[in-house]
Structures are given as structure tokens and as C-alpha cells.
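The listed protein sequences correspond, in order, to chains A and B.
Counting in our numbering, the first sequence runs without a single skipped number right up to 197 at its last residue.
Counting in our numbering, the second sequence runs without a single skipped number right up to 197 at its last residue.
Watch out, some of these pointers could steer you wrong.
As the list claims (entries may be wrong) - Pairs of lysine to aspartate or glutamate, EDC-like flavour, derived with a Cα cap of 20 Å: (1) K82(A) <-> D138(B); (2) K96(A) <-> D16(A); (3) K82(B) <-> D138(A); (4) K132(A) <-> E110(A); (5) K132(A) <-> E109(A); (6) K82(A) <-> D33(A); (7) K82(A) <-> E158(A); (8) K24(A) <-> E109(A); (9) K82(A) <-> E171(B); (10) K82(A) <-> E139(B); (11) K82(B) <-> E171(A); (12) K82(B) <-> E139(A); (13) K82(A) <-> D29(A); (14) K24(A) <-> E(-2)(A).
In short, the hints are calculated from the structure, not lab data.
Number of protein chains: 2
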Amino acid sequence: MRDTYHDELDAISSNLVEMTNQVGSAMSRATTALLDADLALAEKVIADDESVDARYRDVEARAFDLLARQQPVASDLRVLVTSLRMVADLERMGDNAVHIAKIARRRYPASAVPPKLRSTILEMGHAAEEIVAKAGSVIAGRDVVMAAELEKDDDVMDELHRQLFRSILDDTWSDGLEPAIDLTLAGRHYERFADHAVSVARRVVYLVTGERVPAIP
Amino acid sequence: MRDTYHDELDAISSNLVEMTNQVGSAMSRATTALLDADLALAEKVIADDESVDARYRDVEARAFDLLARQQPVASDLRVLVTSLRMVADLERMGDNAVHIAKIARRRYPASAVPPKLRSTILEMGHAAEEIVAKAGSVIAGRDVVMAAELEKDDDVMDELHRQLFRSILDDTWSDGLEPAIDLTLAGRHYERFADHAVSVARRVVYLVTGERVPAIP
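Could you build the full structure based on these sequences and the hints that come with them?
See below:
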């Protein structure tokens, strides 16, 4: 019975790792859709979020079922409760990608990104992808060292976010209000995406070390 | 033993209700700080969030302790897991209020709100306060009828949010880029605050009726 139980715990963990792949891919496509004003790709990101949500519900149901049937204690209980938290973070990351895709769709056939900010948005997209890929590795390998790396990547994201704001608020901004607002919102979604990934990594650190980590502000 | 257990469950529920009061008060003050460019009030909202976070940690610890010690099944288990979800929503609502207070602080001594948008922001603040007050009643009384009312209030919030956007993007906007961006971000925080409150109410509905409600998009 305990073996089936641990198989089920492993299945939950695999699902969480798979979700990091799904939302990483969604963010990658959303960034491309935003930069290239690619309507079809934006629509795909929006439609595909249903499968992220389905996995979210599946992990929830599995975790709940294990809690109810197996009455786990101590570290197994902690793993399950933590999984419920992580799956919520990952689901929100999918939503962040959808929001960016929706900005691309709203501005189509124009691109929401003025030429001078292409590289900043591209870097934010890459940072987001790298952070979520690391979050996947952190979950899969309970890798506390990589969790620390991920925190540094998040600092890079925060700096890119500040840089984006500075550009928008610079006196030389000549692209008008609508792109300024779109990029403000897009910037916020990149930054939140990374914050949720940090939150996932910190929960794994907590599982491994028992050391409580502060909430993301 | 079971009595102590149910006392503990009640304590968690009371803490959640108290958190709705805390974050409602924070949002009320943040709105005033934003409208009146009141720096001291903004600072207070930012500093007071520590007590929301402390309560969050306390509820988490209590729920976790009960899960571990009492091994609840069926409906008690559902209440505990749901409480862990609700407390996370409430903590995020506190953060939304803090973000609005930070916008007020950033623009001080100017007000971030141009005169023509004062009433819209005021209405968004009031809608937020009413929604979270109802969320408190929904938790306290397991009140499914009020949960439905709250959904309607959220529609009002969404309409105010759209109205804010329309004003900012209107050709007659003459307040410049920085207020446009501040209000875009503030608008998003009001809207998210309400969404989290809806999420709290839906979780109570789920507890009462067993009927699964969709995630907030």
C-alpha cells in the first residue's frame, strides 16, 4: 500500500515538472507573439492554457485523494501540502503567459513592442524561460543549489523590469500612450511569472531543509 | 479531543474573517492615500501589511498542525485544505493594497489621480471594500447567497476597470504618461483584489455545496 502511495506522490511531482514545461513553452510563444505580432500564435497560447488548467485540477484531485485516503504524516504530509501550493503558482504562471498573448492579440496587426524595446522584452522572455526551466529542475531533483541560482535570475528579471519602466517614462518616449500601457502590463506579467517561479523553488527548499523562506512581496 | 479540534478549526475560520477586515481596511486607506496624496497613510498601509503576513503564517501553521496531528478526513479535511487556499488569497489582497499605497508614495506630493478620474477610483475603492466585507460574511456564515451577490459586485468592478482604461486611452487624455501608467497599475490591483475575494467566496461555496467552481481567469 505504501508503494502505491509513493508512486502517487511521484506522479504528482512529475505532473508539476510537466507543468513547468507547459508554462515555459506558453511564455516562450507569448513572447514571440508579442514581438512578431503573430495572431495565430497568440491564439494558440490562449487556447492551450486549458491543458494547464486541466493538469492543475488533476494534481489537486490526486493530492486531495491521497490526503483523504492515506492520512500521511510528517514529511509526506508536507510534500502534499507543498504540492498544492506549487500547482497554484504554476497555474498562475500559465495565466501570466495568457495575459501577454492577449496583449499581442489586442494590438494585432501592430506589434505592441516599439523597436527600441525589442531587446528588453526579448531578454525578459528569455529570463522567464530560464527561471521556469530551473524551477522544473529544482522540483525534479530537489536541487537546492539550483534554487539559489534561480533567485539570482530573478534579480536579473527585476532589473529588466526597472529598465523597461525607465524607458517608458523617459522624456524621449515617442510611441504614445497605448504602447506604454501595454508594455507596463506585459512587464508586470513577466515579473509576476518569475516571482511565482521563485515561490515554487522556495517551497522545494523548505521541503528539503525545513527552513522557512519568506513570501514573495 | 475532537472538541479541541473543532475549536481549532473555528479559530482558523475567525482568523480568516479577521484577515478580510485587515485587508479591507488596508484597501480603504490605500485608496484614500492615493486620492489625497497622503504620504503618512500610504506608509501606514505598507508597514501594517506585516501584521497581515503574520496572520497568514499563523493560519498556515495552525492548519498544518491540525493536518499532522488530527489526521482529519472528509469534510474536515476539505475545510483545512480550503483554508490554506483562502489564506493565500487574503495575503495577496493585502499585497494589492500595498501596491496601491506604493503608487501613492511614489507620486507624493502630487496625487496620482487626475480630477476627472477621482470618482472612478473612489468607486473602485468602495467596490473593493464591499466585496471583501461580503467575503468576510461568506466565510463567517457559510453564506452561499451572499457569495452570489459578491459575484455581481465583481462585475461592477470589472466595468469600472474597463471604464478606467477607456478614460486613459481616450483621445482627450491630457495628463501625460506617468499618471496613465500609475492608474493602469492601480486599476489592475483593484481588479485583482476583487478577483481574490471572489475566489475566497467560491471556495466557501465549494465547501458548502461540494460544487466545484471555476478558477478565476
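How the hints compare with the structure:
In summary, the hint linking K82(A) to D138(B) is supported, as the alpha carbons are separated by about 17 Å, within the 20 Å threshold. About 14 Å separates the Cα atoms of K96(A) and D16(A), which keeps this hinted pair within 20 Å; it holds. Taking the CA atoms of K82(B) and D138(A), the gap is about 17 Å. The hint holds against a cut of 20 Å. Of the supplied pair hints, the one linking K132(A) and E110(A) holds, its CA atoms being roughly 11 Å apart against a limit of 20 Å.
Straight-line distance between C-alpha atoms of K132(A) and E109(A) comes to about 14 Å, which keeps the hinted pair within the 20 Å bound. Proposed proximity of K82(A) and D33(A) is supported: the alpha carbons are some 17 Å apart, at most 20 Å. Distance hint between K82(A) and E158(A) is fulfilled; the C-alpha atoms sit about 14 Å from each other, no more than 20 Å. For a cut-off of 20 Å, the pair hint linking K24(A) to E109(A) stands: about 18 Å separates their Cα positions.
Proximity of K82(A) to E171(B) is assessed by CA-CA distance (about 17 Å); at most 20 Å being required, the pair is judged to hold. Of the pairs offered as hints, the one joining K82(A) and E139(B) holds, with about 18 Å between alpha carbons and a cut-off of 20 Å not exceeded. Of the pairs offered as hints, the one joining K82(B) and E171(A) holds, with about 17 Å between alpha carbons and a cut-off of 20 Å not exceeded. The hinted pair formed by K82(B) and E139(A) meets the criterion: a straight-line CA distance of about 18 Å does not exceed 20 Å.
Between the alpha carbons of K82(A) and D29(A) the distance comes to roughly 12 Å, so the proposed pair stays at or under 20 Å and holds. Annotation: proposed proximity of K24(A) to E(-2)(A) holds, straight-line Cα distance about 18 Å (limit 20 Å).
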